[in-house]
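A.B. asks: Build the complex: two chains, separate frames, hints provided.
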Amino acid sequence: MIAAHVPVQRAPDARLLVLDEHGVMSHHTRAEFLDFVRRGDAVVANDAATLPASLFGIHAPTGRAIEVRLAARRSLLPGDVRRFSAVDFRTPTEHRALPPPMQAGDSLRLGPLTASVTRVLAHPRFVDLRFENRAGDIWSGLARHGRPIQYAYVQAPLAIWDTWTRIASQPVAFEAPSAGFILDWASIRSIRDRGACFATVTHAAGISSTGDEALDALLPFDEPYHIPASTAALIEASKRNGGRVMAIGTTVVRALEHAANGDGTITAGFGIATQRIGPATRLRAVDAIVSGTHEKGTSHYELLRAFQDDVALRAMAREAEARGYRTHEFGDSVLLVKRARS
Amino acid sequence: MNATNLSGLRVAITGGTSGLGLALVRELLARGARVAFVARHEDDVERVAREQHGAIGIVGDVSRKEEIHPIAIQVLGRLGGLDVLINNASSLGPVPLAPLADTECEDLEAALATNLLGPFRLTKALLGSLTASARDGRHPLVINISSDAAVNAYATWGAYGASKAALHHLSRIWCEELAAEGVRVVSVDPGDMDTPLHALAVPDADRSTLKKPETAAREIAALIAA
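As you go down the protein sequences, you meet chains A and E in turn. To convert, count from 1 in the first sequence and add 1; that's our numbering. Just so we're aligned: 163 in our numbering is position 166 of the second sequence, and the numbers increase by one with no gaps anywhere.
Hints are not guaranteed to be accurate.
[Claimed, not checked] Listed next, with one range per pair, are the computed distances between beta-carbon atoms:
no. : chain 1 : residue 1 : chain 2 : residue 2 : range
1   : E       : Lys121    : A       : Phe271    : 23 to 29 Å
2   : E       : His136    : A       : Asp185    : 19 to 25 Å
3   : A       : Arg285    : E       : Pro193    : 56 to 62 Å
4   : A       : Glu33     : E       : Asn2      : 44 to 50 Å
5   : A       : Ala136    : E       : Glu173    : 35 to 41 Å
6   : E       : Glu43     : A       : Asp14     : 45 to 51 Å
[Said to hold, decoys possible] Which chain A residues stay away from chain E? Per the calculated CB distances, all over 12 Å, these:
no. : residue
7   : Ile59
8   : Arg131
9   : Gln151
10  : Thr203
11  : Leu216
12  : Arg245
Bear in mind the hints are in silico, worked out from the structure with no lab data behind them. Glycine included, C-beta positions come from ideal geometry on N, C-alpha and C.
Just chain E, same shape as in the assembly (with noise of 0.2 Å):
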């Protein structure tokens, strides 16, 4: 692994403290960037913060709209700036999974608000900052962590596939408007992983098919660092 390359990069992680995120904590740190994550639950927050040796722990729920900036101030405040956003805290919906027919509305609209309201606030709060590491000749990246299951359609997946194929959209969109900014936006689907999300969905998978998190965030990492 090469352990040096995004060396003074300023990246933010929303739901830092399982899985993918967690992943992405690590390996980000590992290769010299500097780290401030973002999660709802302050234990598990101040035990990543205290295990991930300089990684930057914010207790917030982006699902929030009055939790956006506060989350953002402290983003900006403690890292100085930002080069690269990844909001990967996402909701599955309905636990268990549920057919479209049967998913209450409130489970539709808390699966909209983290995985696409939430990106959508919080990228254009820090958008800012974003554009001034533009400027600095800094090249920032949003990614957008998505799923297979925002092309496809899986029965029982409607309020996550839904929000994730708006969030995938808006990721375009976003993407060719802010060009001119110098801001780069994806939308990456990092494949089924043996995650906490995966285990709700679909609590009898095999996990050995399933793809390591770790496996995941090297290849962000790698995407990041192109």
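With the rest of the complex left out, here is chain A (with noise of 0.2 Å):
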């Protein structure tokens, strides 16, 4: 598949790749996604803004340089923003070495902030972090020293706006919500216009990707996510009355099948999603899922799976590749509709 390499995150040629419940494909462009939403669906799309998660320092001990990407908080609370669990990251392209170890009491210089390394985790470039600022100290140090996280297939330094979905609202994902680019203002209103209703979870979506294959075989991470009152409702009304729940983005899966009680409600409220979704899973809440395309092997392919048997996955992947499709946060996108049990 072609890398999408520039940070157009609403590309008027974007395509949509569409496998319906009996396992169909057909093509579309991104904007006729509206055309698959049905009078009395529920689109539920995660609004959480994108922090700016990488910040560049110093390691203290060897006073060698540093990326730290955050990658997980416990909690979405204002005034609990010590703690996080980071990554200590060097560019693959680069080539340099790795990044010096780390060890827990270990003082991270990281522009105006001041981090210790708490604990090393179930890998050694995978830490808990506690700055010792402020909490306006570090919102404001983030704000202003983090620079969005930023792979090596898109080239042009990525401006945290580049992140941030139309929707976004709470700076708590590390990572953008991607698939919730296919979303403008006006396609909210489409959906309302088609008698469908239009909802939202904030769900801390973590890093994808750290290029360490140990360290990948961990993701995702816990993901702490809220779920307002109001969508909950709208959820179970659409249940009700036969509409379907079409989630924007794996990060949204992930919440309301964390929070979906058995007989396919949601409780809402704040919560931590700690499962993984795959081929066992069996979906309670949603019944669709817009994404980006993944690559097998990914913990988002695997959720994909919850929705598509291996058969139809692999022919997608194999139509993806031969028609081009752009891989990737900013490329194209997928519309899996559940498969329907026989």
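C.D. replies: Encoded structure:
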């Protein structure tokens, strides 16, 4: 597949590959996703805004330059902003030496921020951090010193606004909930005009790749989310009337399925999604997903296996490859309807 | 004064360290709102944050495109959401005031950047939160501070008047468009006030004839509470 290399969120020529409930494939322009929204459906998107979570600085014990990528936070509360999980990072294209090994107690100077490593987690490059600054200074330090997490396939430096969806609200995501780039305010209006409803969850999307196989095997990290009462009510009303829930992005699936009860209703409020979604998952809340294209072996791809079987997904991957679909967060999209159980 | 009727409301005010903006910070805090304010100068921000207990000070310049998202991140991060945005920060254009024919292009651009582009960009960056507030049933509101110079043609007020006229019209169109999302946008003319901006424009004004910014702040608080 072709890596999307220009940070254009709403490329006018973006495409949409659809896999319907019978496993039948079709090609569309991305804007045509609206044609798959039916009266009575609930379209649910993640309204998390993206933090500029890449922090450059110095590993104090060795004096060496490091890049820290904030990767997870246990809480969405504004005042509880001291503790993060993070990975230390080197860009794959530069072939630099690995970052210095970090140990509990190490101090990091990250621009105006000071952090200490409180413990090393399941991998030597995966640590818990505690910022030593006051909450207000942490927010201003992140906002002004942080840069959007950027992968090598996008060459131009990303600005914060490149990583915010139109609906971006609380700044709690570490990477853009990029499926949401499909939405603009006119399309949200169009969803309502079709007799469907639009609702949001706020889910702290974590990083999707670290460039390290062992570390990537730990993904997705635990992710806190918030589901407004209004969203739970809209989903319940939609289900009651035979409508479907269309999730815009993997994070929405993760939040809604984590909060889903046996009867498909959703418990509103704060939660932490800890589960992995894969082929064995029985989806209780979500009926369809709009997503970017994902490569086999990633946690995002595993999640798609809850919607469609491997035969259909392999055919989709071949088709996307053959037709030059652009991968990654600024690329083309797929829409998968949950396979009808025969 | 009703001291509690805005309890829990999350409000952001630009230009919050002097004039009407400072009066709004005080008034809204006194009514129980949670207030974040934005201003350009760190010293002023720290002083006001120290003096106004509970106010959240954010250093930033709304006329600069690259500062909008850092401002938005701090507003949202620290308030946990937003119900009311007051675009109050204003630039007069040329000082002293000058006829349009003697106004430097750069002075007109500066007035547009602060009075039109800044409010447009900041509202756009915060719109996700404002619509989230609406979905929660909290009736969000954007207040753009305007002027009678937006409507009347006063000689020497060209840069300011044209930028405020554009902001006024932007507010009306945005209000039409955002009604479906449950976000109201209003343009408010607070009247001629005894503020540093007015002193720059009319240095020899009889200050006793000017409205106190505290009076205008009370009127705007009443509008928010209505």
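A.B. asks: Can you list which hints this structure breaks, lowest number first?
C.D. replies: Number 10 only.
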